[in-house]
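Protein chains: 2
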Amino acid sequence: MTADTRVPPARPDPDAAAFHALFESVAAIGRTERGGLNRLAASAEEGQARDVVCAWLAERGFALQIDPVGNVYARLGLAGAGSDSPCILTGSHLDSQPRGGRYDGAYGVVGACVAADAIRRARPAGCTHDLAVVIWTNEEGARFAPSMLGSGVYAGQYATDYALASQDGQGLSLREALQAIGYHGSGQGPSSPAACVELHIEQGPELERQGARIGVVEGNWGTMKYIVTFQGVAAHTGPTPMAERRDALLAAGHLIVACRSLSDRTGGRLLSSVGRLDVEPNSTNVVAERVRLYAEMRATDNAMLEQACADFESAVQEAARAAGVQAQPVRVTDRPAGRFDAALCDRIEQAATGLGLSTRRLHTVAGHDAVSLRRRCPAAMVFVPSVKGISHNEAEHTAPEDLEAGVEVLASVLWGLVHQPVA
Amino acid sequence: MTADTRVPPARPDPDAAAFHALFESVAAIGRTERGGLNRLAASAEEGQARDVVCAWLAERGFALQIDPVGNVYARLGLAGAGSDSPCILTGSHLDSQPRGGRYDGAYGVVGACVAADAIRRARPAGCTHDLAVVIWTNEEGARFAPSMLGSGVYAGQYATDYALASQDGQGLSLREALQAIGYHGSGQGPSSPAACVELHIEQGPELERQGARIGVVEGNWGTMKYIVTFQGVAAHTGPTPMAERRDALLAAGHLIVACRSLSDRTGGRLLSSVGRLDVEPNSTNVVAERVRLYAEMRATDNAMLEQACADFESAVQEAARAAGVQAQPVRVTDRPAGRFDAALCDRIEQAATGLGLSTRRLHTVAGHDAVSLRRRCPAAMVFVPSVKGISHNEAEHTAPEDLEAGVEVLASVLWGLVHQPVA
Numbered sequence: 001m002t003a004d005t006r007v008p009p010a011r012p013d014p015d016a017a018a019f020h021a022l023f024e025s026v027a028a029i030g031r032t033e034r035g036g037l038n039r040l041a042a043s044a045e046e047g048q049a050r051d052v053v054c055a056w057l058a059e060r061g062f063a064l065q066i067d068p069v070g071n072v073y074a075r076l077g078l079a080g081a082g083s084d085s086p087c088i089l090t091g092s093h094l095d096s097q098p099r100g101g102r103y104d105g106a107y108g109v110v111g112a113c114v115a116a117d118a119i120r121r122a123r124p125a126g127c128t129h130d131l132a133v134v135i136w137t138n139e140e141g142a143r144f145a146p147s148m149l150g151s152g153v154y155a156g157q158y159a160t161d162y163a164l165a166s167q168d169g170q171g172l173s174l175r176e177a178l179q180a181i182g183y184h185g186s187g188q189g190p191s192s193p194a195a196c197v198e199l200h201i202e203q204g205p206e207l208e209r210q211g212a213r214i215g216v217v218e219g220n221w222g223t224m225k226y227i228v229t230f231q232g233v234a235a236h237t238g239p240t241p242m243a244e245r246r247d248a249l250l251a252a253g254h255l256i257v258a259c260r261s262l263s264d265r266t267g268g269r270l271l272s273s274v275g276r277l278d279v280e281p282n283s284t285n286v287v288a289e290r291v292r293l294y295a296e297m298r299a300t301d302n303a304m305l306e307q308a309c310a311d312f313e314s315a316v317q318e319a320a321r322a323a324g325v326q327a328q329p330v331r332v333t334d335r336p337a338g339r340f341d342a343a344l345c346d347r348i349e350q351a352a353t354g355l356g357l358s359t360r361r362l363h364t365v366a367g368h369d370a371v372s373l374r375r376r377c378p379a380a381m382v383f384v385p386s387v388k389g390i391s392h393n394e395a396e397h398t399a400p401e402d403l404e405a406g407v408e409v410l411a412s413v414l415w416g417l418v419h420q421p422v423a
Numbered sequence: 001m002t003a004d005t006r007v008p009p010a011r012p013d014p015d016a017a018a019f020h021a022l023f024e025s026v027a028a029i030g031r032t033e034r035g036g037l038n039r040l041a042a043s044a045e046e047g048q049a050r051d052v053v054c055a056w057l058a059e060r061g062f063a064l065q066i067d068p069v070g071n072v073y074a075r076l077g078l079a080g081a082g083s084d085s086p087c088i089l090t091g092s093h094l095d096s097q098p099r100g101g102r103y104d105g106a107y108g109v110v111g112a113c114v115a116a117d118a119i120r121r122a123r124p125a126g127c128t129h130d131l132a133v134v135i136w137t138n139e140e141g142a143r144f145a146p147s148m149l150g151s152g153v154y155a156g157q158y159a160t161d162y163a164l165a166s167q168d169g170q171g172l173s174l175r176e177a178l179q180a181i182g183y184h185g186s187g188q189g190p191s192s193p194a195a196c197v198e199l200h201i202e203q204g205p206e207l208e209r210q211g212a213r214i215g216v217v218e219g220n221w222g223t224m225k226y227i228v229t230f231q232g233v234a235a236h237t238g239p240t241p242m243a244e245r246r247d248a249l250l251a252a253g254h255l256i257v258a259c260r261s262l263s264d265r266t267g268g269r270l271l272s273s274v275g276r277l278d279v280e281p282n283s284t285n286v287v288a289e290r291v292r293l294y295a296e297m298r299a300t301d302n303a304m305l306e307q308a309c310a311d312f313e314s315a316v317q318e319a320a321r322a323a324g325v326q327a328q329p330v331r332v333t334d335r336p337a338g339r340f341d342a343a344l345c346d347r348i349e350q351a352a353t354g355l356g357l358s359t360r361r362l363h364t365v366a367g368h369d370a371v372s373l374r375r376r377c378p379a380a381m382v383f384v385p386s387v388k389g390i391s392h393n394e395a396e397h398t399a400p401e402d403l404e405a406g407v408e409v410l411a412s413v414l415w416g417l418v419h420q421p422v423a
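For the protein sequence lines, the chains are V and G, in the order given.
Take the first sequence: its position 22, counting from 1, is numbered 22 in our numbering, and each next residue is one higher.
Take the second sequence: its position 264, counting from 1, is numbered 264 in our numbering, and each next residue is one higher.
Please note that a few of the clues may not be correct.
Said to hold, decoys possible - A few chain V residues facing chain G, derived, Cβ under 10 Å:
hint	residue
1	S43
2	G219
3	T223
4	M242
5	S272
6	E280
7	S283
8	Q307
9	S391
Stated by the list, open to error - DEER-style ranges, computed between Cβ atoms:
hint	chain 1	residue 1	chain 2	residue 2	range
10	G	R375	V	Y162	56 to 66 Å
11	G	R361	V	R34	54 to 64 Å
12	V	A58	G	Q317	31 to 41 Å
13	G	E244	V	G171	31 to 41 Å
14	G	A343	V	L172	17 to 27 Å
No lab work stands behind these hints, which were simulated from the structure alone.
A virtual CB, placed ideally from N, CA and C, is assigned to each residue, including glycine.
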């Protein structure tokens, strides 16, 4: 990366200063006291971050479209003017966890902007494909469920109306939230996506441990998520005899412990977590009437994952029996392990090697918009290291030189794709 | 009970119609769809309920004082006009759980109003003591901690400033909340309380099971409450290796299960519960950074209770170790089992028997304002049956004839006390 130059280079040369400037502008919106982010999907803050990115792209001649679920597509117009021309997609998301880090998602959006702008400035000739920067809606799933909702709609996984009807904890629908920030559009995304490359921080410790600069993401772990509702009976925690209590929180306690033991049995190869509990009425001296428990399990091995799901569902019933309550488990995410496009992965590896950057092939444990996109076109991801693997935490960090390296790799890959796409 | 009569009776005869009318007026404020109550301490709704009761008392000539923590004292002025004259107290609270029942607390306030008014109408002569109806602030502890806060201040257990500084979940102090509803007063309660009798629903199943109409509450179970803070590290539930997770919710799960097992070991003689968990950030795919867990244990045997506390504190550390997190347990309530005034209990039993009502002696498992008051003056309680023992639940119910019987007993006891108090 160099500073912008007056003479257009023959190859894309992303503007490092522009990258950091735009990244910091975006990171300032929804910034928490401890330097993280609280920028939930379709919140006022996420709307402001979208506005900043859209203005940056519009100033540079990108043509913006917003679809009904709020996905933003900024086309460069490299080859042909119609929306039917085949198109390369790159982007990520601007929404965060309630106390998330500043790199998760936003890095991929800002990196895509700067990489795509480098291609514009390199004045490519003979392109066979157009290029679009994309902001996907509600990747995190922290405000609206399920996660990866915007990319899921574009990929044909979810109907638009299903996505728009999703409600946050206050009962506000995604449709209403998008209308409030001005991102319930009537446009549409490229009808002929030819490939999708997403740039992202790793969010795990592998690259740092291996001393690799660039991660070539070959595939994704399988992920299964459940929402389990335990229905007990509200009662005074004083006079109600123990034998007569129907304690929904006791059932949740049993299931939290059982869920962890599923992982322990595999020596940690199965990842599992219960990260959220909604307890009603959640008062000290009332036996909990109802608990909603949000659990997930991840593995690279689909057979292991299916077995874990069966064991989990048994554990739900055992927990309910132990507490004398009713249980209803619903599997809300069913995403088996899968692989990204092999040819795209090779391109990423070649681009990194060409730039003198060490690489490592790995599988993403976290879900990403590119995993959704795989249903519709060849897709792959570029990872850069996360310091200590810390993510979904305000302390999330990636070194500036690693951020720049990722953008350079992305620009190089995109440069190849608009001239000679895969498949 | 009869309807009001023009000729004053020689003995107090509570007005049943007036009781039901006032009770229904109060129960309508903060009423939930399912017929329960959501009337948290010092909320707008509780303020309205206080207003209704205060207006009812003022119309009948009671002199009202509001102290700084919002306790309302309505004196009848039976004997001497000064605030120094010895005084019999009767009353309860108007605050409820978030989804509580309509009888818990409000019955004791309305019953006290109607019983005291019956004494007024009976035109007592030769009284040695005055009589005051009291509304105590924040008995439930659902909005502000600890519970029984207003009566605790009057009894000398808590300093006024400590109580006023207590904050609700939104960070609003009790002082601010009382100011908002106009109940941060500058008055004071009777300086020479001679006895306190509180009327309340049982909230447990014993009276109904024994077929007794009136419960003579001889004492209270011991109650120990803890707030345990588990401090973990927020992390992505995907890429973070299981061995590196510091999961505060996992620790909470272990402790919930361990807490229940403390009760199971005693065959249910030790009551225990975890009714509330505050989870941060409480997002599906973030390992929980911090959990506040609210636990309580109750027993009639103080030695058993102390042993349970020691075992609980060990379980806290084991749970923390199992999840790799830090733990900080704080014992926020330390109320050993104790006995009410024996002479007052005898008076209650005699009054009930004189009215042809069957009685049963029992100990309250739940905390009550009268338990606080015991620190300052002889105290006791009158219980009436709760249908199926259901309480802290919108389905809480007591039969109208049982409500009336309790008020009659209370009036009879108070009639005796203003003429010839105990001690």
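Going through the hints against the structure:
no.: 1; hint: S43; verdict: 14 Å, violated
no.: 2; hint: G219; verdict: 14 Å, violated
no.: 3; hint: T223; verdict: 8 Å, holds
no.: 4; hint: M242; verdict: 4 Å, holds
no.: 5; hint: S272; verdict: 8 Å, holds
no.: 6; hint: E280; verdict: 8 Å, holds
no.: 7; hint: S283; verdict: 5 Å, holds
no.: 8; hint: Q307; verdict: 17 Å, violated
no.: 9; hint: S391; verdict: 4 Å, holds
no.: 10; hint: G/R375 - V/Y162: 56 to 66 Å; verdict: 60 Å, holds
no.: 11; hint: G/R361 - V/R34: 54 to 64 Å; verdict: 57 Å, holds
no.: 12; hint: V/A58 - G/Q317: 31 to 41 Å; verdict: 58 Å, violated
no.: 13; hint: G/E244 - V/G171: 31 to 41 Å; verdict: 37 Å, holds
no.: 14; hint: G/A343 - V/L172: 17 to 27 Å; verdict: 60 Å, violated
Violated hints for the displayed structure, listed by number in ascending order: 1, 2, 8, 12 and 14.
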